[in-house]
Amino acid sequence: MDLLNFLRRKYAVYCPICRSELNVYAYRSDDSLIFKCIVCNKYYIKSSTSNILIPTDYGEVLNEQLKNIEDQQYYEGIRSSEALGPKWLKLLNRLSKKKFQ
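Just so you know, our numbering puts 195 at position 17 of the sequence shown, and the rest follows in order with no gaps.
Be aware that one or more of the hints could be misleading.
Cβ pair distances, simulated, as ranges [stated by the list, open to error]:
#1 Lys-275 / Lys-245: 26 to 36 Å
#2 Ile-195 / Tyr-253: 20 to 30 Å
#3 Arg-187 / Asn-246: 36 to 46 Å
To be clear, the hints were calculated from the coordinates, so they are not data collected in a lab. Yeah, the Cβ is synthetic: ideal placement off N, Cα and C, and Gly gets one too.
Make a model of the complete structure from these sequences and hints.
Rendered as structure tokens:
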């Protein structure tokens with residue numbers, strides 16, 4: 179089980195302020211990602227060619243555009259370790275949850 183937790187953390191992206199795991203909030207057309215920190219309520223952009231997180235207000239603009247959609251107000255994104263991890267890791271996660279239930 180410790181190996182599985184290690185692999186999950188390997189693919190996670192963390193907030194530079196509070197060190198909590200970021201959620202992938204949206205994908206952009208230029209292959210960059212918008213991350214959201216649930217704790218700080220801040221948004222970051224990370225391009226596909228760089229590992230640097232750039233603070234942005236793009237997520238707030240996106241929220242403003244989507245506020246009329248009924249379920250959008252509850253959307254928080256997908257954990258970065260889950261969204262960015264390889265398919266075989268997702269399969270292992272699913273199998274480990276079934277095994278321990």
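Is the distance from the Cβ of Arg-187 to the Cβ of Asn-246 consistent with 36 to 46 Å?
holds, 37 Å
The hint says 26 to 36 Å between Lys-275 and Lys-245; measuring C-beta to C-beta, is that right?
For Lys-245 against Lys-275, whose Cβ atoms are near 33 Å apart, the range 26 to 36 Å holds.
Kindly confirm whether 20 to 30 Å is satisfied by the beta carbon distance between Ile-195 and Tyr-253.
holds, 22 Å
Checked against the numbered hints above, the structure violates none of them.
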